[in-house]
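Asks: Here is what each chain is made of, one letter per residue.
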Amino acid sequence: MRLQISTRLAIFAVLELTAHEGRQLSVAEIGQKYGVSSHHLAKVMHVMGRAGLVHAVRGAGGGYQFAGNARRTTLLDLVQLFEDLSSVEQDADARDATPEGQALREVVSEVDDIVRATLGSITIATMRKLVDRHAISCAGRSKAVLSRRRNQSRL
Amino acid sequence: MATAAKSRATNTDTAVRVRRVQAADIPQVIGLDTRVTKLAKAEYWNDVFLRYGKRRPHERFFLVAEHRADKTKSRVLGFIIGEIRAWEFGSTPCGWVFALSVEPEMRLHNVGYALLEAISREFKKAGVGKMRTMVARDARLPMLFFRSEGMMAGPYIQLEKDLD
Numbered sequence: 629m630r631l632q633i634s635t636r637l638a639i640f641a642v643l644e645l646t647a648h649e650g651r652q653l654s655v656a657e658i659g660q661k662y663g664v665s666s667h668h669l670a671k672v673m674h675v676m677g678r679a680g681l682v683h684a685v686r687g688a689g690g691g692y693q694f695a696g697n698a699r700r701t702t703l704l705d706l707v708q709l710f711e712d713l714s715s716v717e718q719d720a721d722a723r724d725a726t727p728e729g730q731a732l733r734e735v736v737s738e739v740d741d742i743v744r745a746t747l748g749s750i751t752i753a754t755m756r757k758l759v760d761r762h763a764i765s766c767a768g769r770s771k772a773v774l775s776r777r778r779n780q781s782r783l
Numbered sequence: 006m007a008t009a010a011k012s013r014a015t016n017t018d019t020a021v022r023v024r025r026v027q028a029a030d031i032p033q034v035i036g037l038d039t040r041v042t043k044l045a046k047a048e049y050w051n052d053v054f055l056r057y058g059k060r061r062p063h064e065r066f067f068l069v070a071e072h073r074a075d076k077t078k079s080r081v082l083g084f085i086i087g088e089i090r091a092w093e094f095g096s097t098p099c100g101w102v103f104a105l106s107v108e109p110e111m112r113l114h115n116v117g118y119a120l121l122e123a124i125s126r127e128f129k130k131a132g133v134g135k136m137r138t139m140v141a142r143d144a145r146l147p148m149l150f151f152r153s154e155g156m157m158a159g160p161y162i163q164l165e166k167d168l169d
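Residue numbers (the working numbering), protein chains in the order written: chain A, 629 to 783; chain B, 6 to 169.
This is chain B alone, in the form it adopts within the complex:
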């Protein structure tokens, strides 16, 4: 298993580069999200860029993946966003991933893996030892992906109610 993981990491390293988001990437992020969710929300993404792409970079991470070989024109293949949050719900500091998206035609090419690995490294560098996310029960694809990367149910249960 260790060998397989190492060889996957090596393949990924040669094909995909993960870096911090830049303002010029945002139209591509909006385009990718619109294609995947069928909902255009440019205002939301511009706001997320201001909050997670520019402020508090030591604990907020907005990363994009692009082809390593493509040096002339950057094409965003996917993105991941997360931040370190502490003491909410009684939790010690922990890395939260709240967005992950990969270009549909680039799925099963280790782009999601590269993004998750990159943000895990950032979280670790920042001193946290736990990463969390939340997935809709019926969202099969992200659920299978996060599970395949070793994520298990955590100690919290999400609760909600209709406000009449």
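So here's chain A without its partners, still in its complex pose:
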């Protein structure tokens, strides 16, 4: 499954906001980390704001805060804001009435069900744990590379 840029940005933004609980972040701060324009990110934040997932704090030092429950909000909640996951029903045409069309719909529905079940089972809190796990393994790898380089330079 390929996620649209807006979807990926929404997920990254929510992960940033939940990593800095109690503090609001500006679109510029988030955009800088992921190399994306504030303009594009602002549009994404606006969509999430309308869905009640982020809250805008105005004024000096203002920015965005996560407004959802990280243990209840899932990736599916975010993805559905930007992607059409409405399955094959929407694309139905005359060919779907054929046995071949029905067989294909059955298989595609199976894929769609798995995608929805997977996205719906990963909360933002679970994603944060995954991020932390990757951060630890990345830090470990960097440490190992540094130590290898130091040893090589000694040799």
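Derived CB-CB ranges, DEER-like:
(1) B:D169 x A:E738: 15 to 21 Å
(2) A:R630 x B:D52: 44 to 50 Å
(3) A:S666 x B:K166: 49 to 55 Å
(4) B:A47 x A:A725: 48 to 54 Å
Selected chain A positions facing chain B (Cβ under 10 Å, derived; list incomplete):
(5) D741
(6) I742
(7) I750
(8) T751
(9) A753
(10) L758
Honestly, the hints are just simulated from the structure, not real lab data.
C-beta atoms are modelled at their ideal positions from N, C-alpha and C, and glycine is treated no differently.
Given chain A, work out where chain B should sit, using these hints.
Replies: Just chain B, lined up with the frame of chain A:
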């Protein structure tokens, strides 16, 4: 994250004790399962106790959680059952969790976490490095719980068909 996990483990340790099931726990296990699933199946649970509570304890684990402080009368807050299975579906030895239930009023109190941690320790002690379970796609609560404990989709896909 490591600190958070450590503090959660410490809190759990003081509140919940996990131990092997005993015959006297089975009526409470049956009661809990009936409340959660709305299906009474006493015969099944008595049979599970005989198979998983009494036989081959080095590879079968039927564990219950209870209040650590409650020393006079044990109350089962939840249970977990699993076993080490090997070479089925071509899999190397692996710990399978096939039942986990927590008293509804005790959910979000780390009981499920304590049970999963305890059975993970048993699996590790027995020499396996992988734990598996199976969850219905629409079973939101157990799915969210196992995911939050770091479980990801494995290399197998469950297949089935209607027998006409």
